[in-house]
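As a plain string of letters, each chain reads:
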Amino acid sequence: MEPVVIAFGGGKGGTGKSTLAVQFSISFAQRGFRVVLVDADPNGANLHTFFGLEDPSVSIQQMLDEEQTSTPEQVNALILPSGVPQLGILPGFRDMIPLHFSGDEIQDVAQRLRLLDADLLILDVGSGSGRWPVILFEDANAGVLVSLPEATCIERDYHFLRHVCQWRIHEQLGEEKPPVHGWLPVPWLASVRRSEPEKAREMQDALRRRAFFFLVNQYRSPEQGKLSGEFLSVVRRFFGIQGYDLGALGYDERLLLAIQQRQPILLSYPDSRWVEKLQEISDELLQLVQGESS
Amino acid sequence: MRTPEMITRDHHLLELELGSSKEEIELAYQTLLLRYAVGSLASYGLFRIDERHRFLTALEGAYHRLTKDFEAFQTTLQTGLDESQQELEISPENAHAIEDAETPESLVDTSDNAGNDKD
Chain G
21 MEPVVIAFGG GKGGTGKSTL AVQFSISFAQ RGFRVVLVDA DPNGANLHTF
71 FGLEDPSVSI QQMLDEEQTS TPEQVNALIL PSGVPQLGIL PGFRDMIPLH
121 FSGDEIQDVA QRLRLLDADL LILDVGSGSG RWPVILFEDA NAGVLVSLPE
171 ATCIERDYHF LRHVCQWRIH EQLGEEKPPV HGWLPVPWLA SVRRSEPEKA
221 REMQDALRRR AFFFLVNQYR SPEQGKLSGE FLSVVRRFFG IQGYDLGALG
271 YDERLLLAIQ QRQPILLSYP DSRWVEKLQE ISDELLQLVQ GESS
Chain C
107 MRTPEMITRD HHLLELELGS SKEEIELAYQ TLLLRYAVGS LASYGLFRID
157 ERHRFLTALE GAYHRLTKDF EAFQTTLQTG LDESQQELEI SPENAHAIED
207 AETPESLVDT SDNAGNDKD
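Same order as they appear, the protein sequences are chains G and C.
Okay, so the first sequence: first residue is 21 according to my numbering, each after it adds one.
Okay, so the second sequence: first residue is 107 according to my numbering, each after it adds one.
What the hints contain is simulated information worked out from the structure, not anything from laboratory work.
One or more hints might be untrue.
Distance condition first, Cα-Cα at most 25 Å in a straight line; then the derived SDA-like pairs of lysine to any residue [said to hold, decoys possible]:
hint, chain 1, residue 1, chain 2, residue 2
1, G, Lys297, G, Arg257
2, G, Lys246, C, Arg108
3, G, Lys219, C, His118
4, C, Lys128, C, Gly151
5, G, Lys246, C, Gln180
6, G, Lys297, C, Glu189
7, G, Lys246, C, Gln184
8, G, Lys246, C, Asp188
9, G, Lys246, C, Pro110
10, G, Lys246, C, Leu187
11, G, Lys246, C, Glu121
12, C, Lys128, G, Ser253
13, G, Lys297, G, Thr69
14, G, Lys246, C, Glu177
15, G, Lys246, C, Gly186
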């Protein structure tokens, strides 16, 4: 049986995607799932450091070689133990990054990752709106968009979602992609509908194909904690895609302390409010993902 | 003259169901105004400056039109009520008839035809 894939992505770097991918992986492993954490961030690979693994001998880079990773044995040989029971890790890129990869090539990599022997694959796809993060985010069973309550972040998230919409339309209809700068899918569809109503309907279906998950990280005020609801209302109206509100995680200095100690906060401060909230979100995410996958 | 399409479009603009109350119109407008205002975090970087201005103007227009519609409806309703009330007012001519009708005798039909329907 193929693993369920959950991808963590977002428009901007520094939002805590990697940290959250690590914490959720541990949380899922603690519940008894066999989890593999995949460091697929082409620009800032360092998930191994969270587990105190220095200079790992294998990396996701090897997944780019189709001949060397076409069987489950070959792929599973790349997994290192993380030190946490039930959790393995596939470390990230060391030098070559797959910026030149086509959509088909990226989807092939995603398909080979599903050969991994696990219940859950947690992917940190990195930040930005390039082909690599967008396609891996979309190819997963669930994509979690991690953001901060900051204007710079929200702006990049909209840019990321424009690329997600483009990809959905392109993948479903093989259409040439609409221009992305300042593009708002719903008003654009309204203009397509006037001349080609059937095509507009298919595009709308493509956009609605699946929901993404939205999680605000490091909020510091109650107003910031409510950002996700507002953001998702805007997305529904102007992008025509559904987003599921996973809520918000507050700022907690113990998270920084844990990173400095190179210990996941779930292990070093398991009784903190932050961990309690993460476990709640983890429960919800699992239920939703399992519901969709079945 | 406002067509049903215009009214529906204004409701859509404010993300309202048709038949919303005045309070709902007000709340929807205030919520959207905050969500899409210049500097709003939730919609930061969504629009170009001119697009945002156009959108806010459209929201404001829809709000004013729906509020006016609502007020006009209230006025029509009030006028209708007033007219009905006037019709119900007792004129000197029919005052006797009403008085007669209210006498205990009028409650019992004493005519020859009384009870015919029952036979």
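Violations among the numbered hints: Numbers 1, 2, 4, 5, 6, 7, 8, 9, 10, 14 and 15 - these are the hints that the structure violates, sorted from lowest upward.
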